[in-house]
Amino acid sequence: MTEQEIRTALAQAVDDVREKNPLAPSITNTVTQDFVANAQLAVGGSAAMLYLPDECEAMAKVAPAFYINMGTTMPFYAETLPHAARALCDNRTPWVLDPVGIGMSELRTKILSQFKDFKPTIIRGNASEIIALAKLWQLVGDNYGGQVRGVDSTEKVSSAKSAAIALAKFTGGAVAVSGEEDLVTDGTKTISCAGGSILFTKITGSGCALGGVMAIYAAVATPFIAALAATTVFNVAGTTAAEAQVPASFKVKFLDTLYTLTGAEVAQNFRVVGTIDSMLTYNFGMELNS
Amino acid sequence: MTEQEIRTALAQAVDDVREKNPLAPSITNTVTQDFVANAQLAVGGSAAMLYLPDECEAMAKVAPAFYINMGTTMPFYAETLPHAARALCDNRTPWVLDPVGIGMSELRTKILSQFKDFKPTIIRGNASEIIALAKLWQLVGDNYGGQVRGVDSTEKVSSAKSAAIALAKFTGGAVAVSGEEDLVTDGTKTISCAGGSILFTKITGSGCALGGVMAIYAAVATPFIAALAATTVFNVAGTTAAEAQVPASFKVKFLDTLYTLTGAEVAQNFRVVGTIDSMLTYNFGMELNS
Amino acid sequence: MTEQEIRTALAQAVDDVREKNPLAPSITNTVTQDFVANAQLAVGGSAAMLYLPDECEAMAKVAPAFYINMGTTMPFYAETLPHAARALCDNRTPWVLDPVGIGMSELRTKILSQFKDFKPTIIRGNASEIIALAKLWQLVGDNYGGQVRGVDSTEKVSSAKSAAIALAKFTGGAVAVSGEEDLVTDGTKTISCAGGSILFTKITGSGCALGGVMAIYAAVATPFIAALAATTVFNVAGTTAAEAQVPASFKVKFLDTLYTLTGAEVAQNFRVVGTIDSMLTYNFGMELNS
Numbered sequence: 013m014t015e016q017e018i019r020t021a022l023a024q025a026v027d028d029v030r031e032k033n034p035l036a037p038s039i040t041n042t043v044t045q046d047f048v049a050n051a052q053l054a055v056g057g058s059a060a061m062l063y064l065p066d067e068c069e070a071m072a073k074v075a076p077a078f079y080i081n082m083g084t085t086m087p088f089y090a091e092t093l094p095h096a097a098r099a100l101c102d103n104r105t106p107w108v109l110d111p112v113g114i115g116m117s118e119l120r121t122k123i124l125s126q127f128k129d130f131k132p133t134i135i136r137g138n139a140s141e142i143i144a145l146a147k148l149w150q151l152v153g154d155n156y157g158g159q160v161r162g163v164d165s166t167e168k169v170s171s172a173k174s175a176a177i178a179l180a181k182f183t184g185g186a187v188a189v190s191g192e193e194d195l196v197t198d199g200t201k202t203i204s205c206a207g208g209s210i211l212f213t214k215i216t217g218s219g220c221a222l223g224g225v226m227a228i229y230a231a232v233a234t235p236f237i238a239a240l241a242a243t244t245v246f247n248v249a250g251t252t253a254a255e256a257q258v259p260a261s262f263k264v265k266f267l268d269t270l271y272t273l274t275g276a277e278v279a280q281n282f283r284v285v286g287t288i289d290s291m292l293t294y295n296f297g298m299e300l301n302s
Numbered sequence: 013m014t015e016q017e018i019r020t021a022l023a024q025a026v027d028d029v030r031e032k033n034p035l036a037p038s039i040t041n042t043v044t045q046d047f048v049a050n051a052q053l054a055v056g057g058s059a060a061m062l063y064l065p066d067e068c069e070a071m072a073k074v075a076p077a078f079y080i081n082m083g084t085t086m087p088f089y090a091e092t093l094p095h096a097a098r099a100l101c102d103n104r105t106p107w108v109l110d111p112v113g114i115g116m117s118e119l120r121t122k123i124l125s126q127f128k129d130f131k132p133t134i135i136r137g138n139a140s141e142i143i144a145l146a147k148l149w150q151l152v153g154d155n156y157g158g159q160v161r162g163v164d165s166t167e168k169v170s171s172a173k174s175a176a177i178a179l180a181k182f183t184g185g186a187v188a189v190s191g192e193e194d195l196v197t198d199g200t201k202t203i204s205c206a207g208g209s210i211l212f213t214k215i216t217g218s219g220c221a222l223g224g225v226m227a228i229y230a231a232v233a234t235p236f237i238a239a240l241a242a243t244t245v246f247n248v249a250g251t252t253a254a255e256a257q258v259p260a261s262f263k264v265k266f267l268d269t270l271y272t273l274t275g276a277e278v279a280q281n282f283r284v285v286g287t288i289d290s291m292l293t294y295n296f297g298m299e300l301n302s
Numbered sequence: 013m014t015e016q017e018i019r020t021a022l023a024q025a026v027d028d029v030r031e032k033n034p035l036a037p038s039i040t041n042t043v044t045q046d047f048v049a050n051a052q053l054a055v056g057g058s059a060a061m062l063y064l065p066d067e068c069e070a071m072a073k074v075a076p077a078f079y080i081n082m083g084t085t086m087p088f089y090a091e092t093l094p095h096a097a098r099a100l101c102d103n104r105t106p107w108v109l110d111p112v113g114i115g116m117s118e119l120r121t122k123i124l125s126q127f128k129d130f131k132p133t134i135i136r137g138n139a140s141e142i143i144a145l146a147k148l149w150q151l152v153g154d155n156y157g158g159q160v161r162g163v164d165s166t167e168k169v170s171s172a173k174s175a176a177i178a179l180a181k182f183t184g185g186a187v188a189v190s191g192e193e194d195l196v197t198d199g200t201k202t203i204s205c206a207g208g209s210i211l212f213t214k215i216t217g218s219g220c221a222l223g224g225v226m227a228i229y230a231a232v233a234t235p236f237i238a239a240l241a242a243t244t245v246f247n248v249a250g251t252t253a254a255e256a257q258v259p260a261s262f263k264v265k266f267l268d269t270l271y272t273l274t275g276a277e278v279a280q281n282f283r284v285v286g287t288i289d290s291m292l293t294y295n296f297g298m299e300l301n302s
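Chains as they are written, first to last, in my numbering: chain S, 13 to 302; chain C, 13 to 302; chain V, 13 to 302.
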């Protein structure tokens, strides 16, 4: 896939969502649901947040895509999340996993361990979270670096490259690592891209909203293109919104810009950092040099 | 009731709320609580969101009005919602029901079936939801049209007219159907009114906020006037806010405008579509031609 | 502590938070989590909201400060809150308690009674809530005034002065009473300060956000200075934001201003009402003249 082919596919994904208005239901944290839903609507999708096991299972069967974000896990998630993930897997519904707060409790660890069997289509997280998930699933060695502080990353995106590739190889989908630069990989192609704004870290829920928007694009595109489209849309709109210079105005301008972006604008402003890696060899279960 | 009398009553409701600052506690979805509460405050009311069965029951007894929105139902709602609704009914506290997500799970269906006994004062929903509720309560035939996709309507407001009238006849209160045009009925008078903006569908929680504001007006006005006042206030403020053209700025301007609207402005900008229907005959339990 | 020393300490707290980016995890109500988190980020802190007993306990042990807000109590809080508070107490982690909704249910009363043993570092509430908590803990007589309506206060700040002092004496920390004027006390020093805007009462979550920001400052300052720093920061930014004149724009401008305030600006705009009281005598368990 050449860079030009990628640009064309990104434009297509952005425009397809505007035309088809796909629904991506979410099980997501209570802090940022408003932002997630408004971002999903702004790019042209439709949103619905759920908690009950049976309705998550029912929606997992009929929705064109789904989003699971582990933030603010509640006790009844012990039943809801595995039910939903199993239904998503069985029905081959594309879904995005955001493993926020990995390692904070036994319940999260248990649920995230179970998710290994259900292979999320896209995994999105910061560097620390991606590394922690690859470790939990034993796809990289225990001595691989990276720690989580609350919901923030303590690692650079580049340090999670091998972990991201290992996860993508394992799931057969895509992995996106968010940070100052963003990395998106499907296990063979790996892209670092740039844009956005430091102000994303000064408002709550940027990462959650990004995951929710990935699920919207996953309804119309391959996992790799969906992950890259959402990442690029956020980078482009974030760069524009950064003119605001202060966080609450930034958030308003960011959502406003999301609403107006066209496929052509996104394709044109997609910024690759360095070159696109195409890895030809990969040894499963072994830690790679990143 | 002439159109002029209606205008006068609308102005009165808007001004009374500013003067009396009534509290309408809510059991409502976690996605849009912030928007619901801010809309309630902006029109001059007071807000409180609750989950526990005993405190919902206690507030249902003392509050001048109450709001129940079925979005993001959680497992413990099985106890909370029937407790609250029974207390509201027993104490004749006016309450607004928004049957979001009707049909998505056994628990929702069970709770909404129970609500038939507790007769909500105002029912607000999109066309699909109103039709589904009238079917669930067996007030219209099973072959009446209408389906729900997630939280969005697949039906036009006009197609829910008979269902809305049947529900209002049954409860003795009012029903509001929201959409491009809005329909408000008390079972005998039916009004279609216009205004607002397509941008209401590009932000999350417009319908929820509308229901919450109806509960505020229900503390000072009849069900019909309360439903119509909230609908009109949203239409007028939505029309003004539509100048923003983009969704996040629209939401800010909408809330700002809600805060400044006077009763006189609302009465003046109330826009009836066609004429006000006064239905003289109605056969309970039979499907009407809409 | 002279007024000049207080100004210096306020400036220090504001600047230290910007430099150290402390994390204050929260167990807080679902309505205003977005506002709380964004306010915490805007002043330079870091946010994480939690529900599960074991992860609240784990974070209570490692975080530099913590925030517990009783709004929208859910059934599983019966386990979560006492676990968290015990861990906070055992580990001497500074924590802020906002007793929203005190008296609304048996569960809230039971949990708030248990908190007496765990001595919150800072207690923040409106006048009615502070009085109710002092009564519940039997630190003032039952005939002391004050009632709660939903989440709003029915009392003036000044009427809660003795209750606030009694609570601060008992915990050895600080108490902040929010209202038109704000009162902050550590049981010996009592300050009334001014600023802010009536628009704080027209948006939801001002009090919650204030409590969350107090927890951020409690990570770097004494309880008294932390409570006063957050109060002053809100007063200064609220005064600036009041130019907006309407509530949603006010909230955006308020968060934007929080993000830009420096320690020097906060110190310079700190407004004491009257003089700083230093009470020399205090009889535990007796009602004081305020």
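The set of hints was computed from the structure by calculation and includes no laboratory data. Mixed in with the good hints there might be a few duds.
You can't tell identical chains apart in this list, so a pair holds if it fits in one copy or across any two.
Here are the simulated DSBU-like pairs of lysine-lysine, each with C-alpha atoms no more than 30 Å apart in a straight line [as the list claims (entries may be wrong)]:
1. K73 x K122
2. K214 x K128
3. K128 x K147
4. K122 x K32
All figures in this text were calculated on a predicted structure; none of them were measured in a lab.
Going down the list of hints, with the structure as the test:
Taking the shortest alpha-carbon separations for K73 and K122, both the intra-copy value of 23 Å and the inter-copy value of 22 Å come in at or below 30 Å. In this assembly of identical chains, the alpha carbons of K214 and K128 never lie at most 30 Å apart, being 32 Å within a copy and 35 Å across copies at closest. For a Cα distance limit of 30 Å, the shortest separation of K128 from K147 inside one copy, 12 Å, qualifies, whereas the shortest one across copies, 42 Å, does not. For a Cα distance limit of 30 Å, the shortest separation of K122 from K32 qualifies neither inside one copy, at 36 Å, nor across copies, at 33 Å.
The structure fails to meet hints 2, 4 from the earlier list, while all remaining hints are met.
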